[in-house]
Amino acid sequence: MKAAVLVFPGINRERDMARALTLISGRQPAMIWHAQRELPSGTDLVVIPGGFSYGDYLRCGAIAARSPIMDAVRRHAAAGGLVLGVCNGFQILCEAGLLPGVLMRNGNLKFICRDVFLRVERSDTPFTRGYNAGQVIRIPIAHGEGNYVADAATIARLEEEGRVIFRYVSPEGETDPVWNHNGAVNAIAGIINERGNVLGMMPHPENHVEDALGCTDGRGLFAGLVDYLAKAA
Amino acid sequence: MTETQVISGELSVTPELAAEHGLTPDEYRRILDLIGRTPTLTELGIFSAMWNEHCSYKSSKVHLRALPTAAPWVIQGPGENAGVIDIGDGLACVFKMESHNHPSYIEPYQGAATGVGGILRDVFTMGARPIACLDALFFGDPGHPRTRHLLSGVVAGIGGYGNSFGVPTVGGSLRFHSRYDGNCLVNAMAVGICRKDEIFYAAASGVGMPVVYLGSKTGRDGIHGASMASAEFGHDADTKRPAVQVGDPFSEKLLLEACLEIMAKGCVVAIQDMGAAGLTCSAVEMGAKGDLGITLDLDRVPCREEGMSAYEMMLSESQERMLMVLRPGKEAEAAAVFRKWGLDFAVIGETTPSRRFVVRHRGAVMADLPIKELGDLAPQYRRPYREPVRQKPIDAAAVAPPVGTADALERLLAAPDLCSRRWVWEQYDHVIGGDTVQRPGGDAAVVRVGEGPKALALATDVTPRYCEADPVEGGKQAVAECWRNLTAVGARPLAVTDNLNFGNPERPEIMGQLVGCIRGIAEACRALDFPVVSGNVSLYNETNGRAILPTPTIGGVGLIDDFRRSATLAFKREGEAIVLVGGPPSWLGQSAYLREICGREEGAPPPVDLAAEKRNGDIVRELIRAGMLTAVHDVSDGGVLVAIAEMAIASGIGAALAGAAGPPHAFWFGEDQARYVVTTAASEADALLARLAAANVPAARLGTTGGDALTLPGERPMLVTILRERFESWLPAFMAGRP
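Top line first, the protein sequences correspond to chains G and X.
Take 5 as the starting number for the first sequence in this note's numbering and just add one per residue.
Take 1301 as the starting number for the second sequence in this note's numbering and just add one per residue.
Please note that a few of the clues may not be correct.
[Stated by the list, open to error] In silico SDA-like links for lysine to any residue, alpha-carbon gap of 25 Å or less:
(1) Lys114(G) with Arg1475(X)
(2) Lys1640(X) with Gly59(G)
(3) Lys1754(X) with Leu27(G)
(4) Lys1872(X) with Asp119(G)
(5) Lys1517(X) with Arg63(G)
(6) Lys114(G) with Pro1716(X)
(7) Lys235(G) with Leu217(G)
(8) Lys1361(X) with Arg1846(X)
(9) Lys1754(X) with Lys1640(X)
(10) Lys235(G) with Gly59(G)
[To be verified] Reference excerpt, derived from the structure (chain G facing chain X, CB under 10 Å, subset only):
(11) Pro13
(12) Gly55
(13) His208
(14) Tyr232
Treat the hints as calculated values from the structure; they're not laboratory data.
Note that beta-carbon positions come from the ideal geometry of N, C-alpha and C, so glycine has one too.
Modelling step: build the complete structure from the supplied sequences, incorporating the hints.
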């Protein structure tokens, strides 16, 4: 795996992400400053980590989405390269037009940090092959604006095409308004693009990768990517 | 010596103007004697900033000297931006706690946010990357119309700043009392890690070195913030809003990265953050500590607003700014880093051999003062104080229990001071960094250091009602409880930062509280080998002549050699023995039970036996390390039964408990100190009791874990699900405005 982690001013989970990637892939990712115009050659996974790029001023992700490096990310995605956006990274991907929809303020209008349960809807994507379809995993969220919204036609399409990858559910795997922490439409926690090579998700798998810290449910995502890329190579 | 010039249009300084700056006639006379002439307006502003209570500690300094500040592991005690301790492996822990009380009362979101920003800067100024924050919060009675507004704004502000900056907020405390109705307290603590040989200090060195300004631009916000923090509130508190600064966590995050980057490149000789009294305090400290003079040219200061006067620039408390002395020849390298992070920087002055603080603006010398005397000759007061009347002990036998034990427990778990704080800490990102081993809700937070297995345990504590009833015992108890909380997760407590919040020190009874609490803190810190390495004093916490409860918040740091061996409070499995470490409780004076169930807030607080505290804690820590204990919880507010209920709630496992030794309400709810509730495998119970007996530590088996309820002889079973519901629902319901 040759991963590149993008760093915008105000991003703050780049170290968590780099540590998880290194731990699971055995290889340190390249850290790419937003002002760069090219990704390192041979990059096979671009990761946009969480944080508050540009202070979330204007609108979450709006300024970062227009950074020089994002043109290179668009080219990478258009060529079929893998892109993972987590939290602010998801917001940036939506603002950049690489994923549909938008992340609005949480239903309760507060920042929420807690472990949530996610149902993995599909295991046949490069991002989720480390899980079984229907599996329930425990992953933390930490965001103020994670309430996924899109117009009815877009939501219907996402559902029809099986592009909802993670959903907020109860520990038993059922959707329930009580367990839909931020009020997202259809309890959507993560989606992929049409081509299946760009994933955006609000929860932080990179924070649940070590047994010693209590939970490893996030490992499957990274392990699956490593496996996929190894096979693709 | 240069001649200062009187600028046309600038106010000429009079004794009345000095008084408006909060300087007493004596203090003004001291200034005239020191400089031998009438100060300029800018100079008066500088003196008022340096000599107010907040910056000079003039009422508390003589008493603070009693605090123990040394230990073999202390690298830097009080007097720098933050305290520093050695945690082994070439690493140091940098930490401090500071209040932002007055600003938070006036404008809760920004007041609390900038409090967090300020304490984070104190830590990374020393070269340490912040790894955790904690916040001790004190608000008025839940029934007071302003309490909800303040709490919601303060929590949002702390989260808004810390979450964006990217530091996990892992713990703290929250209390309510009507004595904070007009003056809430926000005490923010930050903890960082750096290499022991890469610590940065404020002292400048070398003559003719460039003094560099870095960070956000200077505006008119926060002018006289430090003076505001040194005065009481009256009915006009709202008119002080313009003195509250506005925080920008995004700029602070950039400032952090830029500072750490230029430090790593070896560009920095000295660095000081611009906190209280901004440019004035930072420049004076850099010069005075380095035994050098500083000349500033204010025309070069990046300003946000047009036409700012020297007086305004010297007193502005605009946030996210730093002052540093760069290593010669490194200017270009440093400038490239600042530019990369998009930060304003400017060379605004230089160090001089004169030991004078000279401020130039628009071709005129606006201030020319002896730099060391500005700090060193600040007035110090031995204010008269009155020993408080200590309350008498209450005989538990004379307290008739108004309700049964089960009913009392259910009510206590839903009491504002005892219920779950989840509503608060879920608004803080407490997992960022990927090192939070124990999240909020336990006795202490545990945060891994680097790749481990070393970890830090962190906690903040104080029981203000104890301090009010007996300042010396209350001061001891604050330290002892913090030490106990760190011990309960298996840490060796290393050092503390103290945040002393009191009323008006010019009143002898308030001064008596301050003196008593410091005495108690000093005694406990000495006995527990737990030195004070940093801190902050916040006085004049009064509104309309009514003081807060004496609140000396203690923030403690402990070291865990291997975090995989740290203890948590949740019961682990059914059928385990529950053991009380420490003798049978019986002390109801000042207890939560007495207040919440009997409606009486009175009596002497539980006495603190420091020798017993140490003995009991040391054996508990040893047993945790030996892997003998499966769960550990310290006993504090609410007593033993509340502690057991919290262990049950955290796990979903109930317990069958034996009868009380003595009157049940005093046994289950007494707040005697130096107690822990622990569990061990049933087969180990006898061995555990034998180990404790051998260490001369009283202990007793309380019962066995299991089932879905707490059961007590003669009481109805208390379902854990119902206890949890009580424990979890009060705060969210209160904040949602539901009765």
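Do the hints match the structure? See the list:
1. Lys114(G) with Arg1475(X): Cα-Cα ~21 Å, so holds.
2. Lys1640(X) with Gly59(G): 16 Å, holds
3. Lys1754(X) with Leu27(G): 18 Å, holds
4. Lys1872(X) with Asp119(G): 20 Å, holds
5. Lys1517(X) with Arg63(G): Since the Cα atoms of Lys1517(X) and Arg63(G) sit roughly 23 Å apart, the hinted pair holds (cutoff 25 Å).
6. Lys114(G) with Pro1716(X): 21 Å, holds
7. Lys235(G) with Leu217(G): 30 Å, violated
8. Lys1361(X) with Arg1846(X): It holds: about 24 Å lies between the C-alpha atoms, which stays within 25 Å.
9. Lys1754(X) with Lys1640(X): Measuring from Cα to Cα gives roughly 34 Å; hence the hint is violated.
10. Lys235(G) with Gly59(G): Given pair Lys235(G), Gly59(G) is violated - Cα atoms ~39 Å apart, limit 25 Å.
11. Pro13: 6 Å, holds
12. Gly55: Since the shortest Cβ distance to chain X is 6 Å, the answer is holds.
13. His208: 7 Å, holds
14. Tyr232: 24 Å, violated
Consistency note: the structure conflicts with the earlier hints numbered 7, 9, 10, 14.
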